[in-house]
Amino acid sequence: MRNTLAIAWRELRTYFASPLAYVVIGVFVLLSGYIFWASLVRFSDLCLRFGNNPYVFNQLNVNDLVIRPLFGSIGVIFLLMLPAVSMRLLAEERRSGTAELLFTCPVTTLQIVLGKYLGAGLLLIVMLAITFVYPLLILTKVSPDMAPALVGYMGVLLMGLTILAVGLFVSSLTENQIVAAVGAFGANLLLWAIAWAAEAAESFTLAGLLNSATLGLWEKVGLGTGGPTLGDLLTRLSITEHFQDFRKGLIDTEHVVFFLTAIVFALFLTQRVLESRRWR
Amino acid sequence: MIEATGLTKIYGDRAAVKDVTFAVRKGEILGFLGPNGAGKTTTMRILTGFVPPTSGRARVAGFDVQDQPIEVKRRIGYLPEHPPLYTEMTVQPYLEFVATIRGVPRREVRARVDRALERCGLTAVRGRLIALLSKGYQQRVGLAQAILHEPDVLILDEPTVGLDPSQIREIRQLIRSFAGDHTVILSTHILAEVTMTCQRVLIINEGRIAAEDTLEGLASRGGRMRRIEIRLARPAGATEGLADIPGVLRVQRADGADGALVIETDGSRDLREEIAARAVGQNWGLLEMRTLTASLEDIFIRIIRGESA
Chain A
-8 MRNTLAIAWR ELRTYFASPL AYVVIGVFVL LSGYIFWASL VRFSDLCLRF GNNPYVFNQL
52 NVNDLVIRPL FGSIGVIFLL MLPAVSMRLL AEERRSGTAE LLFTCPVTTL QIVLGKYLGA
112 GLLLIVMLAI TFVYPLLILT KVSPDMAPAL VGYMGVLLMG LTILAVGLFV SSLTENQIVA
172 AVGAFGANLL LWAIAWAAEA AESFTLAGLL NSATLGLWEK VGLGTGGPTL GDLLTRLSIT
232 EHFQDFRKGL IDTEHVVFFL TAIVFALFLT QRVLESRRWR
Chain B
152 MIEATGLTKI YGDRAAVKDV TFAVRKGEIL GFLGPNGAGK TTTMRILTGF VPPTSGRARV
212 AGFDVQDQPI EVKRRIGYLP EHPPLYTEMT VQPYLEFVAT IRGVPRREVR ARVDRALERC
272 GLTAVRGRLI ALLSKGYQQR VGLAQAILHE PDVLILDEPT VGLDPSQIRE IRQLIRSFAG
332 DHTVILSTHI LAEVTMTCQR VLIINEGRIA AEDTLEGLAS RGGRMRRIEI RLARPAGATE
392 GLADIPGVLR VQRADGADGA LVIETDGSRD LREEIAARAV GQNWGLLEMR TLTASLEDIF
452 IRIIRGESA
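Protein chains in written order, with the numbering used here: chain A, -8 to 271; chain B, 152 to 460.
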């Protein structure tokens, strides 16, 4: 535990000792702030315009029109920016030779992985904490429903942590930071867009695919070809699909479990990659 | 303290280390000597658990490097070839970080860091950014990092590389001061380093141990082999004329001055008188005669070339 925290703390210090943290936080706050401002302006414009139309006016809701789009945009910004945060985690360590220090110290590979991940995660939390001013700003004038906003925060946090975990894994595979960033971006974008083919893949059931892969043997032994389709599978793998309910203010354990599983799996793979050094 | 048995490391189709076996006693300073690329670094990386051996076993302080890596790492201080520095940190926090992950108890971290700073002459630069330190100071930070937790075993890969002569002397003194309490292995391709710091030498070449001896042992290998250089005014026929003296192995023309010959003898007895008598008798015009004792450098090169020393 002490080792993990020491590694995480050093990692966080390094972010803030280099321009990276400031650039990432600055750009992130600029973009999310602009988007927040734009939706707020649109919201007040709508309120003005429909002020004397009670039917429409009552439909206007600061949660739906300002907070919810904000989380959507934060999600996109995370997808684009977090690979820059995760790229250096292990790749830089290998390139600069400091990996030789970490791997010859009495720390386990799990402690290294968790420490690195925690360090990047803390930066993510700092980024998100700053955006907390936005709902607080709204709170000064109107009273939005804060519970869905908090759930939205939980959603973006889980998504950001997933993106970081995937990024950490990619970073463990290379010593080149650019490769790590591009790889992490690609892997996360794939998880982001994977459901886009879901509709087209509705007509294939998984059992049917296994049946053709085993040349009909599957059906002969009576396993059947019904059940979930490939489209279902792709939808279940998508970060975006699992994120939607959080934006609406819903906590569904299915989604929480998805993100946590993805994080644990990515960290597990990272740990295996580091451990493989011992038998390669 | 350290036992390595049959260590072999194969990268692709190239063996970096082949069947290396040696042992180091507690408190001893062992030097790994060998040309660049001989396998010194790989051997050290195996001992520290950074790289697994393809075959063979290594034990440090009674723990197996492969089976109980954490126990081994607790007892080792390691300075790799390139000091592993987080260059964006300042010296003191860097050392505090290393002390923490090396398992120094929280209460002692500050004191140990202070002590390491002092021993390595870093107190004045403790607040400076590592990236801005000179190569020599960076090397010292690397060394400080290795001795922080007062390990039983210190493994130093080319500790004086990139330092200026006065720094080299300081670092050597520092390393010598570890003898007794700590077991030290250091690698170098500079012979003088070994003579000044180590008690025992392991010469590694092309992944194999070419020789293992104490310094005195190595030097006496040179003593057994006597060489005599003479200079003649009229050397015609002398090369053949000297070869038949009993005990002469070989007569060669020396580089440089005309008429200079190097006579290699088997060292069983002193041949100088006979050579002089022969030279005078044959009227070669003996101008000069001196014995050449092989320096450690010569012995080293001969061992590396695989000649018998």
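Calculated directly from the structure, the hints in this document are not laboratory data.
These numbers come from a predicted model, not from an experiment.
One thing to keep in mind: the hints can contain errors.
[Stated by the list, open to error] Residues from chain A that keep clear of chain B, each with C-beta distances beyond 10 Å, as calculated: (1) A8; (2) E91; (3) V142.
[What the hints assert, rightly or not] Not the full set, but computed from the structure, chain A residues with beta-carbon under 7 Å of chain B: (4) A(-3); (5) L3; (6) S9; (7) S64; (8) R86; (9) L92; (10) T95; (11) T100.
From the three backbone atoms N, C-alpha and C, an ideal C-beta is built for every residue, glycine too.
A quick look at each hint next to the structure:
1. A8: A8(A) not clear of chain B: closest Cβ-Cβ about 4 Å, inside 10 Å.
2. E91: 5 Å, violated
3. V142: About 37 Å separates V142(A) from the closest Cβ of chain B, which puts it past 10 Å; holds.
4. A(-3): 4 Å, holds
5. L3: 12 Å, violated
6. S9: Result: holds, 6 Å to nearest chain B Cβ.
7. S64: 32 Å, violated
8. R86: 11 Å, violated
9. L92: L92(A) check passes; min Cβ-Cβ to chain B is 4 Å, inside 7 Å.
10. T95: Hint on T95(A): holds, closest Cβ of chain B at ~4 Å, below 7 Å.
11. T100: 10 Å, violated
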